[in-house]
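Use these hints to put chain B with the ligands onto chain A, whose structure you have.
Protein chains in written order, with full-length UniProt numbering: chain A, 1 to 460; chain B, 1 to 460.
Hints are computed from structural coordinates only; laboratory data are not their basis.
None of the values given here were measured: they were computed from a predicted structure.
It is possible that some hints are incorrect.
As the list claims (entries may be wrong) - On the chain B side, residues computed to face chain A include the following (Cβ under 8 Å): (1) His102; (2) Pro150; (3) Ser242.
Heads up, the beta-carbon is just placed ideally off N, CA and C, and yes, glycines get one too.
Number of protein chains: 2
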Amino acid sequence: MDGPVPPHPSQARGEPPDGAEPRRHPTGSNEQPAAGFSRRRLLGALGIGTAGVLAGGAAGGALGRATADPAPAGAPAAATDPVPFTGEHQAGIVTPAQDRLHFVALDVTTDSRDELIQLLRDWTAAARRMTAGQDAGPGGAVPDGAYDVPQDTGEAIGLPPAGLTITVGFGPTLFTSADGVDRFGLAARRPGPLVELPAFPGDQIDPAISGGDLCIQACANDPQVAVHAIRNLVRLGAGVVSVRWSQLGFGRTSSTSTGQATPRNLFGFKDGTDNLKAENASTLERFVWVGDEDAEGGRAAWLRGGSYLVARRIRMLIEPWDSSTLNEQEATIGRAKGSGAPLGQREEFDPVDFTARVDGEFAIPETSHVFLAHPTNAGTAILRRGYSFVDGTDGLGRLDAGLFFIAFQRDPATGFVQVQRNLRTDAMNEYVRHTSSAVFACPPGVRDDADWWGRALFEG
Amino acid sequence: MDGPVPPHPSQARGEPPDGAEPRRHPTGSNEQPAAGFSRRRLLGALGIGTAGVLAGGAAGGALGRATADPAPAGAPAAATDPVPFTGEHQAGIVTPAQDRLHFVALDVTTDSRDELIQLLRDWTAAARRMTAGQDAGPGGAVPDGAYDVPQDTGEAIGLPPAGLTITVGFGPTLFTSADGVDRFGLAARRPGPLVELPAFPGDQIDPAISGGDLCIQACANDPQVAVHAIRNLVRLGAGVVSVRWSQLGFGRTSSTSTGQATPRNLFGFKDGTDNLKAENASTLERFVWVGDEDAEGGRAAWLRGGSYLVARRIRMLIEPWDSSTLNEQEATIGRAKGSGAPLGQREEFDPVDFTARVDGEFAIPETSHVFLAHPTNAGTAILRRGYSFVDGTDGLGRLDAGLFFIAFQRDPATGFVQVQRNLRTDAMNEYVRHTSSAVFACPPGVRDDADWWGRALFEG
Ligand code: HEM
Ligand code: HEM
Numbered sequence: 001m002d003g004p005v006p007p008h009p010s011q012a013r014g015e016p017p018d019g020a021e022p023r024r025h026p027t028g029s030n031e032q033p034a035a036g037f038s039r040r041r042l043l044g045a046l047g048i049g050t051a052g053v054l055a056g057g058a059a060g061g062a063l064g065r066a067t068a069d070p071a072p073a074g075a076p077a078a079a080t081d082p083v084p085f086t087g088e089h090q091a092g093i094v095t096p097a098q099d100r101l102h103f104v105a106l107d108v109t110t111d112s113r114d115e116l117i118q119l120l121r122d123w124t125a126a127a128r129r130m131t132a133g134q135d136a137g138p139g140g141a142v143p144d145g146a147y148d149v150p151q152d153t154g155e156a157i158g159l160p161p162a163g164l165t166i167t168v169g170f171g172p173t174l175f176t177s178a179d180g181v182d183r184f185g186l187a188a189r190r191p192g193p194l195v196e197l198p199a200f201p202g203d204q205i206d207p208a209i210s211g212g213d214l215c216i217q218a219c220a221n222d223p224q225v226a227v228h229a230i231r232n233l234v235r236l237g238a239g240v241v242s243v244r245w246s247q248l249g250f251g252r253t254s255s256t257s258t259g260q261a262t263p264r265n266l267f268g269f270k271d272g273t274d275n276l277k278a279e280n281a282s283t284l285e286r287f288v289w290v291g292d293e294d295a296e297g298g299r300a301a302w303l304r305g306g307s308y309l310v311a312r313r314i315r316m317l318i319e320p321w322d323s324s325t326l327n328e329q330e331a332t333i334g335r336a337k338g339s340g341a342p343l344g345q346r347e348e349f350d351p352v353d354f355t356a357r358v359d360g361e362f363a364i365p366e367t368s369h370v371f372l373a374h375p376t377n378a379g380t381a382i383l384r385r386g387y388s389f390v391d392g393t394d395g396l397g398r399l400d401a402g403l404f405f406i407a408f409q410r411d412p413a414t415g416f417v418q419v420q421r422n423l424r425t426d427a428m429n430e431y432v433r434h435t436s437s438a439v440f441a442c443p444p445g446v447r448d449d450a451d452w453w454g455r456a457l458f459e460g
Numbered sequence: 001m002d003g004p005v006p007p008h009p010s011q012a013r014g015e016p017p018d019g020a021e022p023r024r025h026p027t028g029s030n031e032q033p034a035a036g037f038s039r040r041r042l043l044g045a046l047g048i049g050t051a052g053v054l055a056g057g058a059a060g061g062a063l064g065r066a067t068a069d070p071a072p073a074g075a076p077a078a079a080t081d082p083v084p085f086t087g088e089h090q091a092g093i094v095t096p097a098q099d100r101l102h103f104v105a106l107d108v109t110t111d112s113r114d115e116l117i118q119l120l121r122d123w124t125a126a127a128r129r130m131t132a133g134q135d136a137g138p139g140g141a142v143p144d145g146a147y148d149v150p151q152d153t154g155e156a157i158g159l160p161p162a163g164l165t166i167t168v169g170f171g172p173t174l175f176t177s178a179d180g181v182d183r184f185g186l187a188a189r190r191p192g193p194l195v196e197l198p199a200f201p202g203d204q205i206d207p208a209i210s211g212g213d214l215c216i217q218a219c220a221n222d223p224q225v226a227v228h229a230i231r232n233l234v235r236l237g238a239g240v241v242s243v244r245w246s247q248l249g250f251g252r253t254s255s256t257s258t259g260q261a262t263p264r265n266l267f268g269f270k271d272g273t274d275n276l277k278a279e280n281a282s283t284l285e286r287f288v289w290v291g292d293e294d295a296e297g298g299r300a301a302w303l304r305g306g307s308y309l310v311a312r313r314i315r316m317l318i319e320p321w322d323s324s325t326l327n328e329q330e331a332t333i334g335r336a337k338g339s340g341a342p343l344g345q346r347e348e349f350d351p352v353d354f355t356a357r358v359d360g361e362f363a364i365p366e367t368s369h370v371f372l373a374h375p376t377n378a379g380t381a382i383l384r385r386g387y388s389f390v391d392g393t394d395g396l397g398r399l400d401a402g403l404f405f406i407a408f409q410r411d412p413a414t415g416f417v418q419v420q421r422n423l424r425t426d427a428m429n430e431y432v433r434h435t436s437s438a439v440f441a442c443p444p445g446v447r448d449d450a451d452w453w454g455r456a457l458f459e460g
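Next up, chain A with everything else stripped away, as it sits in the complex:
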């Protein structure tokens, strides 16, 4: 003991990321800390242990802000500008989060590998055009021949690119069907981490809005541009894929770049403050991008430079939240509602300090969302890129609203699953219900004009 601070039962929940081992699976993360470990000393130790990894020297500091790399290429200058489509990674992951989302999960309805490949080629061509602000097909929305079917549906005529990104992912069932069939000769290339997510306590998952063979995430600063992109890709997929479920998001709930203001979620709190940020390339390599070490002897080599997308539709129980006190709300999150500052601090980007006390009590309760989700306690980090939604009513006179949570990570097991397991004592659980679940492997970026989404998977 180095002082009067009592041992804190949750100090050792999760373990700090360890620079020597890139992907960690949750093991014994529920053990009690050794007696005599102080909150301060533990965090000090983590601070040292994670400095190189989390790129934040201060114990519990804001991830990725301390030693930021130069701004990444591709950050758009204005909300109407295009975001480059080609590159090492797909856009729509660490590129600045746009304001609006249209997400769709699809099932492949053909048995033909060739038809699937042709669709991925067609999608790539159309996405290349649309992200540049062009029509989906070269014939355009208003073809020269009056008896031609338009190659674009037209509702985005005259609209700027609006930062449109289109991000594609492959679900576990694309590789092996639920009954074990190798549908398209891809089973031997399914990466080990690409499995359906486990069940979590409290889950109320609706299978009808979960899973999917493929996903397309379209983000833009104009919803009409995002909807137009999905609609034209779905149209190209007629006879090959069918829409399984889809989700509109009206407002981003995270920042993915230090240049972005932090938006507020439907609980009224700033969301995304301590998110992984695009400016910190080394943290992204560590936690977001699939690396050389993940090749699994070549099996998953096609995914290098890609990432895993986890989607969870989380209903937020607006009514009980809205009738709780400010104190209850702030204790639930672990941050101040107004400023977004960690409890016990003053400014939004002040480092989180779990040892800070107010009136003798720890300022940040150990059941708070931030306490449990923070890398020092969760032992890992994820890139959040979610959106608020309102989907009508629930039949009980209440708005059906919440967060369409999207996270990108190098491995779902050491990313979302590990954090979500650590959130089992989260005070926020009283106010949220997870109603859908899906996971997709997002291939790396399209490199050049000859490349297409998934080429390395099908041809590599």
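Below, chain B with the ligands without anything else, positioned relative to chain A:
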């Protein structure tokens, strides 16, 4: 006959509005024209007959553009600015259509007239604040006392007013329940025109998303601002009202001011070109605002300066539309897809001319939407203020997308109902399905600080 133009069977569908009779009901509108009536002559006659009423001297001209009054007060200078809350009329009707919508229909769950009145007072106070960019309640989102429940949910902290308008309406069932009960002592004040809409051929109405005792339409240029407004009003209504259904709209599909660019709907066509426009006060008096003549001997006097809101959720059958030719699409609408010009003309705002011919045929087919909806053929005019929606999928692998149609009119019978009846031969019917229906009487504007929504109804 004054030339070789053959008689056109649809020339006399509907009759021209007649300046002498403010509200007309559809009567015998399906009769054939007298032999010898030419398209040109009929339209010429209508042009004269409607010049004073439609404020457009040219036959079939763009309504309300020819003799525009000066720009109305209250048009915001920027998309972030506030729109004045008080005034002769409620904002959100002829004020410039904002980009995003959150619409909610509610049922009153209390039997207490006093509780209902108190809620309308509370809503008025909160709307007054929120439309000015303030928190819903004076205590704000971050109350001084940590053990206070916040008076605002907080997700709009830091956001500008974003042109927010909040428009309230009273449904038929607020006055008399379906089984004839005078619920709140209002039955004697129910205006004659406030009855549920009739059924139309092809309707596929879902009662669960139709009707409602009350409605709130929140429009803003930022969806978070619109959602925040509805959510806080719903919150204030706890125990008094319950949400019956709600609809988000992501993109406006009409202009209501000559200063606004015409947006495109999900069929890819410009929508709102020939809408009633705010600049034309005399046309609005004629077709949108309930007037002195509508008082019904005092029964409906409280509604003077108000308007009727008709809402129809219209599913658009995207897939067949997207596989039809340009020619078929343009013949269905009656306008060019690229420019938005009436067929046979060059520019979007060129007057519609139903006598124009291309290769010997009428350029605008008599089954086109514009032909049938145009005032010269529908015999009336409405103010459209709808929004595009995407509500997930339909269980058959298709996007559930369409138009949340909102129209304002002086009388539903001579407004929406008359136009919709005239659309029974509309070629567009093949591509649309009406899935919800509702009608509300929107009281006039809140006049001053002592006034509240519906005061004249309850106290007048
Ligand atoms: C509706 C559900 C949720 C809400 C309203 C919510 C809200 C928040 C808020 C307000 C913050 C603090 C600001 C920030 O640093 O971004 C935060 C942080 C965080 N959340 Fe959530 N969250 C939700 C669900 C989740 C889930 C399901 C996960 C992952 C399993 C998660 C992981 C995180 C992480 C990793 C942080 C950063 C913690 C830190 O480093 O301090 N959240 N969340
Ligand atoms: C999904 C359904 C609908 C679509 C896609 C649609 C689309 C259009 C388009 C593209 C125009 C031409 C541009 C303009 O002047 O605004 C138009 C005009 C119009 N529509 Fe619709 N419309 C729909 C439903 C309705 C309904 C239900 C009504 C009323 C019952 C209606 C009434 C009108 C009127 C009055 C005009 C103006 C015609 C003129 O004065 O030339 N529309 N609509």
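Checked hints:
1. His102: 7 Å, holds
2. Pro150: Holds, because the Cβ-Cβ distance from Pro150 (chain B) to chain A comes to roughly 6 Å (cut-off 8 Å).
3. Ser242: This hint holds: Ser242 (chain B) lies near chain A, its Cβ roughly 3 Å from the closest one there, short of 8 Å.
The structure agrees with every numbered hint stated previously.
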